[in-house]
Amino acid sequence: MKQIDIIRTYAQKRCLIVDDVPDIRASLKRMLTDFGCSDVDTAGNAEEAIDLCERNHYQILIADYNLGSGKNGQQLLEELRFHRLLRNTSLFIMITAENASHYVLHALEYQPDDYLSKPITRQGLRARLDQDLLRKETLTPVNECLDQNKPRKAIEACMQLMQEETRYKTDICKVLGELLCEVEDYPQALQLYSGLYNEKSPIWVQLGYAKALFGTKEIAKAKAALTKLIAESPLCVDAHELLAELLESQNQIEQAQHTMAQAVSLSPQSVNRQRELGRICKAAGDNVAALHAFRAALRHGKNSCHEAPADYISLADTLIHLGKNETGPTAKKYADEALEAVKQVEKKFSRHPIAKIHSKLVEAEVFDMLENTTAADQATEAAIAMLAAVTPSILNNSPIDFSISCAQALIERGKYDEGEKLLQAVAAINSDHDKAIKIDKLLREPLTSEGIEYASKLNKQGITRYQKKQYHEAVNAFTSVLRELPNHIGLNLNLIQALVSKAKSQALSQAELSLLDSSLLRIGEPEAESQHASRVNYLKKQIEKIKADTK
Numbered sequence: 001m002k003q004i005d006i007i008r009t010y011a012q013k014r015c016l017i018v019d020d021v022p023d024i025r026a027s028l029k030r031m032l033t034d035f036g037c038s039d040v041d042t043a044g045n046a047e048e049a050i051d052l053c054e055r056n057h058y059q060i061l062i063a064d065y066n067l068g069s070g071k072n073g074q075q076l077l078e079e080l081r082f083h084r085l086l087r088n089t090s091l092f093i094m095i096t097a098e099n100a101s102h103y104v105l106h107a108l109e110y111q112p113d114d115y116l117s118k119p120i121t122r123q124g125l126r127a128r129l130d131q132d133l134l135r136k137e138t139l140t141p142v143n144e145c146l147d148q149n150k151p152r153k154a155i156e157a158c159m160q161l162m163q164e165e166t167r168y169k170t171d172i173c174k175v176l177g178e179l180l181c182e183v184e185d186y187p188q189a190l191q192l193y194s195g196l197y198n199e200k201s202p203i204w205v206q207l208g209y210a211k212a213l214f215g216t217k218e219i220a221k222a223k224a225a226l227t228k229l230i231a232e233s234p235l236c237v238d239a240h241e242l243l244a245e246l247l248e249s250q251n252q253i254e255q256a257q258h259t260m261a262q263a264v265s266l267s268p269q270s271v272n273r274q275r276e277l278g279r280i281c282k283a284a285g286d287n288v289a290a291l292h293a294f295r296a297a298l299r300h301g302k303n304s305c306h307e308a309p310a311d312y313i314s315l316a317d318t319l320i321h322l323g324k325n326e327t328g329p330t331a332k333k334y335a336d337e338a339l340e341a342v343k344q345v346e347k348k349f350s351r352h353p354i355a356k357i358h359s360k361l362v363e364a365e366v367f368d369m370l371e372n373t374t375a376a377d378q379a380t381e382a383a384i385a386m387l388a389a390v391t392p393s394i395l396n397n398s399p400i401d402f403s404i405s406c407a408q409a410l411i412e413r414g415k416y417d418e419g420e421k422l423l424q425a426v427a428a429i430n431s432d433h434d435k436a437i438k439i440d441k442l443l444r445e446p447l448t449s450e451g452i453e454y455a456s457k458l459n460k461q462g463i464t465r466y467q468k469k470q471y472h473e474a475v476n477a478f479t480s481v482l483r484e485l486p487n488h489i490g491l492n493l494n495l496i497q498a499l500v501s502k503a504k505s506q507a508l509s510q511a512e513l514s515l516l517d518s519s520l521l522r523i524g525e526p527e528a529e530s531q532h533a534s535r536v537n538y539l540k541k542q543i544e545k546i547k548a549d550t551k
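Using full-length UniProt numbering, you'd call the opening residue of the sequence shown number 1 and step up by one each time.
Simulated from the structure, these hints should not be mistaken for laboratory data.
Owing to the predicted nature of the structure, the values given are computational and were not obtained by experimental measurement.
Hints should not be assumed to be uniformly reliable.
Computed list of lysine-lysine pairs in DSBU-like fashion (alpha-carbon distance at most 30 Å, straight line) [claimed, not checked]:
| # | residue 1 | residue 2 |
| --- | --- | --- |
| 1 | LYS468 | LYS347 |
| 2 | LYS468 | LYS547 |
| 3 | LYS441 | LYS223 |
Build the full structure now, drawing on both the sequences and the hints.
Spelled out as structure tokens, the structure:
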């Protein structure tokens, strides 16, 4: 592009400079004006910048990382991306004096177009801006599709650009690979990355290659690629994070926790990574580590668009688990912090019905921990009352995972019918396959063909034992399977059947008698026309007889 064309390009751009120091704002504005920009606005903080972005469309945005009190430059970028106030066709440059690696790594997680360290000189800024603008202009067809939320159209635009002569083919390849993974076209992504992959490949190629391998279920190769990448580039946070996901998918939970903790240690400011670490720690049974992670997620999420009711709920739930193993002042301390988290949900997310219901259920758990049954029952009933007002529109505006979690909380409070009803409502609006399987695992009867097949496969383990009259082994098999599908009617009925058969030859333990009661609660009262109704009634009579004989 000729010099006159570059000047013309600057003249067409509306710019915003965000810095809390007036002299720096003035200096940067003079530089941009000298480059040919005629329309340059300035803001002294993130809030002012957001207000300007709500009213104007900026093609170039330059922001300092440190913006005084309130949101920093990184949180500004996140806020603009989250609320779609910053188009993909626009250029965002982050300027900072921060040298700590976790600031750099965290900033790159949300991909500003460029990242510059102070002091900024006129010559240095001009050279970088020229390159950034030329690259952005080349990718305009792709970014316009992304602004319209059409990733597959953006892929087509990338393919078209690849046919043209351009110095930015590497940038196009990078965007194309990311988009293919985003739409889960992993075979095509693997083909792309395989053509680029070699011993000297840049980090983005190695990471994309591993992601595509993982997506195509080539687990061993993906793990090897990630292990190699981490050994060569130990500061690549995304590699640690992807390896943690891979390990968890293989039920290697403790290794996943360790790997995710490494990612967080490299990028501690990331709300999403702290949140994910907390979730994995809970899955590993490490509630102390989970507590630290959820506290960090809330701390770093302050003033951020990533602050979510689920973080407060997760914190409170973890505190409850820890408090149940304590007594006296320590238990009271955990309970008080959990109740404070609940209050924050009700205060900050008062217009979020699912959050309010969930918070009441957590509040009930806290009161149970404090042995205040009356208050626990009142909180539960308040949640049930609010549940009646939940509509498909409300569920559409709530994260699916959070709604599933709320339904699970209802079930754990013994409100099986209410939890089932909420799960079915969520299933009706859900289009995500993985979440459908997650819902199936909590329902009394799966809705998807995959869920039905999965339940049938697990069921066979216990049935085989039962048919061989190995009732003790059958009970153990069904009990184990119910950890995966706790509310499945057929599995619960089979467990009861195995216990009833076992009771004919030997007395049941107190734990086994409790299993009878808990399974009946999960089954609930089937409709008269249900295929399970007669079997449920028969087994109830058998249970009554067993209990009468044990008195």
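Hey, LYS468 versus LYS347, does the alpha-carbon distance stay inside 30 Å? violated, 58 Å
Agreement of LYS441 and LYS223 with the hint, judged by alpha carbon distance not exceeding 30 Å: Roughly 28 Å between the alpha carbons, so the hint for LYS441 and LYS223 holds.
Hint consistency between LYS468 and LYS547 [alpha-carbon to alpha-carbon, up to 30 Å]: Satisfied, since the Cα-Cα distance of roughly 26 Å is no more than 30 Å.
Hint check: a violation occurs at hint 1 only; the rest are consistent with the structure.
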